[in-house]
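Novice: Chains E and F supply the protein sequences, listed in that same order. When you line the first sequence up against my numbering, it's residues 1 to 214, in that order. When you line the second sequence up against my numbering, it's residues 1 to 265, in that order.
Among the hints, a few may not be true.
Some chain E residues judged to face chain F by a derived CB distance under 10 Å, without partners named [claimed, not checked]:
id	residue
1	Asn106
2	Asp161
3	Pro188
Far from chain F, some chain E residues (derived; all Cβ distances over 12 Å) [stated by the list, open to error]:
id	residue
4	Phe112
5	Tyr164
6	Lys209
Subject to a maximum C-alpha distance of 20 Å in a straight line, what follows is the list of computed PhoX-like cross-link-like pairs (lysine-lysine) [what the hints assert, rightly or not]:
id	chain 1	residue 1	chain 2	residue 2
7	F	Lys13	E	Lys37
8	F	Lys97	E	Lys37
9	F	Lys109	E	Lys187
10	F	Lys6	E	Lys82
11	F	Lys22	E	Lys37
12	F	Lys98	E	Lys187
13	E	Lys69	F	Lys6
14	E	Lys95	F	Lys22
15	F	Lys22	E	Lys82
16	F	Lys97	E	Lys187
17	F	Lys13	E	Lys82
18	F	Lys109	E	Lys82
It should be emphasised that the hints constitute simulated quantities derived from the structure, not laboratory data. This structure is a prediction, so every number in the text was calculated from the model and none was measured. Think of the CB as a built atom: it goes at the ideal place given N, C-alpha and C, for glycine as much as any other residue.
Chain by chain, the residues run as shown.
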Amino acid sequence: MSLESGLNQNKYLNLSSSWRYLTVENFDKITDEELVKLILENQENFLFLVRRYEEKLTRYIRRISGLDKEDIEDLLQDIFIKVYQNLNDFDTSLKFSSWIYRIAHNHAISNFRKSKARPVTVSMDEETEIARRIASGIDVLKEVDQKLKKKVVIDVLKKMDKNYKEVLILKFLEEKDYNEISDILQKPVGTIGTLINRAKKQFKKIVEKEKIDF
Amino acid sequence: MSDLSKNVLEEIKEHHITPKPKWEFLVRDYVIWAMFGILVLIGSIAFSALIFMITNHDWDIYRNLGQSFWQFLLLSLPYFWIVLVIAFSIFAWYDLKKTRAGYRYTFTKIGLANIGLSILLGTAFFYSGIGMKIENIFADNMPFYRVIHPGRGITVWENPDKGLLVGEVTGFIDDEGFNLRDLKNQDWIVSALNSVWPREVKSNIGMIVRIIGKQTGKDTFQAIEVRPWMVNCDRNGAPAVQPCRSLDRERKPFIPFPLIPMPAK
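So here's chain E without its partners, still in its complex pose (with noise of 0.2 Å):
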C-alpha cells in the first residue's frame, strides 16, 4: 500500500475535542497541537507535520547553515525523526512551531560540531532579503539607500559572530518575536533583547569599519 492510498485511507481522522475530521485536503485547518494529538495515535499522519514545517525548516537550516540542497536534506530527515521520537516531550507551554524550531536549531548545531564544519552565512538566494529586512530594523541604514549590494551583506554577515548572526536571521527573516526566539534558542527573553541589540551594533560597526557604501 502507497502512502497516498494510505493517506486516503485515513482521510477522516475524528478529532475527539472537536469533531472535526482531518483530511488531506484540510489538514491546515487544524492546529499543531491538535495534529500532535493525532499522530500519537496513528503514525501516519506524521506525514502531514512533515509537509506544514519541510518548507519553513528547510529555509532555516539554509539560512543559518548555508548548506547545499542534498545536506539539508538529509539533516531534516533526522531532525524529523527526532521530532516524531519526543512528540510525547512536547512542552504545551510553548508554540509548537518553538519547539521543532528548537530542534531543529540544537541538531543543526550539534551537527555542526560534529563535523567540525563551522557553519556558513546565508545563501545567496536570500542575501537581499536579508539585508532589506536587517537594515529596516536599524535606525542608521533606514537613512542611507537601502538597495543594498548582495556581496556586501554576505560578507558583513559573514563578520558578525555566530550568536548575533542567529538572532538577526530569527527576527527578521523567520519573522518570530522576541518569546519564540527565548523558546528556540532557550535563553531569557531579556537576552534576546540585548543580543538583537548587539546584533545591530555589530552590524553597523562592521559597515562603517569596513567603509561600505549602501
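Once you have looked at the hints, place chain F on chain E.
Specialist: Just chain F now, with coordinates in the frame of chain E:
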C-alpha cells in the same frame, strides 16, 4: 508527496521507530528537580554551619590579640563553609537551568531565588542545631577540616597575659567570683565583681566559659566579661537552642597528618 516526507515515514516504519513514552520525560524532569532539592539541601546545611561558625566566633577580641579588625576578620572567616555554600549554589543554579523552563530566567533571578532558599532553610537548620552538629562532625572526623579551621580558636583563649582565659567553672566564691580550671589543668581564682557575668554562668558548675579581662597575679584573673563557651548552649536547663560541646572535644589534639606519629612530650 515530497521525497522528504516519504523518506521520513519509510525510515520510521523500516526501523520501527516509535515516540518515546511520556514517563521517560517525566522521570527526567523529576530527577532534575530532585537533584535541585538535594543540592539546595546540602547548600542550606553548609549555610547553617556557616551561621554557627560566625555566631560562635568572638569578633571583639582582636584588640587583645594585637590585630586590626580586618586582619582578624580575614584570619577568622569560615572559608570552608563559605566555599561549600557558593559551590552548591552554583551546582543548584546549573541544575535549575536544566529544567523545562529554566532557560526563561536570568542568572540573577535564578541565583537570587536559589540563595534565598538556602538562606531560609539554612537559618531554620541553624536554629534546630543542625549547623553545630555538622560542624562538630567535620571537626571530629575530617583531618583536613581542622587544618582549615583549627577548632574555634580555643588556643587563642589560652592567653591570660593578653587578657583571654578559658576553662571550666569548678566553684563559686559568693557573688564576687568563681574558681576555674584551664586547659592545662591550672586552677584560677577569677574575680567577676562589676563584670558582665551572664546568669546561666553564675549557677552552673562545670560550665565552660571564656573570659576577657586582666591577669592580676600568678593564678588570679580580673574578669571584665564572662561568656559561656557555646552561645545559647543547653546545660542544666538554661535557655538554649543547641547542646553544649564538651571541653574534652575542644582539648582533642589536632593532628594534621594522622599517619605520622606525634613526638612524645
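Novice: Are the hints correct? Go through all of them and say.
Specialist: Okay, the hints, checked on the actual structure:
Because the closest C-beta pair between asparagine 106/E and chain F is about 12 Å apart, greater than 10 Å, the hint is violated. For aspartate 161/E, the interface hint is violated, the least distance from its beta-carbon to any beta-carbon of chain F being 20 Å, above 10 Å. The interface hint given for proline 188/E holds, since its Cβ lies 5 Å from the closest Cβ of chain F, which is under the 10 Å cut-off. Listed as a non-interface residue, phenylalanine 112/E keeps its Cβ farther than 12 Å from every Cβ of chain F; the least gap is roughly 21 Å.
The claim that tyrosine 164/E lies off the interface holds: its Cβ sits roughly 19 Å from the closest Cβ of chain F, which is beyond the 12 Å cut-off. Even its closest Cβ contact with chain F, about 31 Å, leaves lysine 209/E beyond 12 Å, as expected for a residue assigned away from the interface. Restraint check: the Cα-Cα separation between lysine 13/F and lysine 37/E comes to about 19 Å, which is no more than 20 Å; the hinted pair holds. Only pairs whose Cα atoms come within 20 Å are accepted, and lysine 97/F paired with lysine 37/E is rejected, the gap being roughly 28 Å.
For the suggested pair lysine 109/F and lysine 187/E, the alpha carbons sit about 13 Å apart, so the restraint of at most 20 Å is met. Pair hint lysine 6/F plus lysine 82/E holds up; C-alpha atoms about 16 Å apart against a cutoff of 20 Å. For the hint pairing lysine 22/F with lysine 37/E, the CA-to-CA distance comes to about 13 Å; that is within 20 Å, so the pair holds. Simply put, lysine 98/F and lysine 187/E have alpha-carbon atoms about 12 Å apart, close enough for the 20 Å limit, and the pair holds.
The hinted pair formed by lysine 69/E and lysine 6/F meets the criterion: a straight-line CA distance of about 17 Å does not exceed 20 Å. At most 20 Å may separate the alpha-carbon atoms for a hinted pair to count; lysine 95/E and lysine 22/F meet this at roughly 19 Å. Distance check on the hinted pair: lysine 22/F and lysine 82/E sit about 15 Å apart at the alpha-carbon level, within 20 Å; holds. The suggested pairing of lysine 97/F with lysine 187/E holds, with an alpha-carbon distance near 10 Å, which does not exceed 20 Å.
Between the alpha carbons of lysine 13/F and lysine 82/E the distance comes to roughly 14 Å, so the proposed pair stays at or under 20 Å and holds. For the hint pairing lysine 109/F with lysine 82/E, the CA-to-CA distance comes to about 32 Å; that exceeds 20 Å, so the pair is violated.
Hints 1, 2, 8 and 18, counting from the list given before, are not met by this structure.
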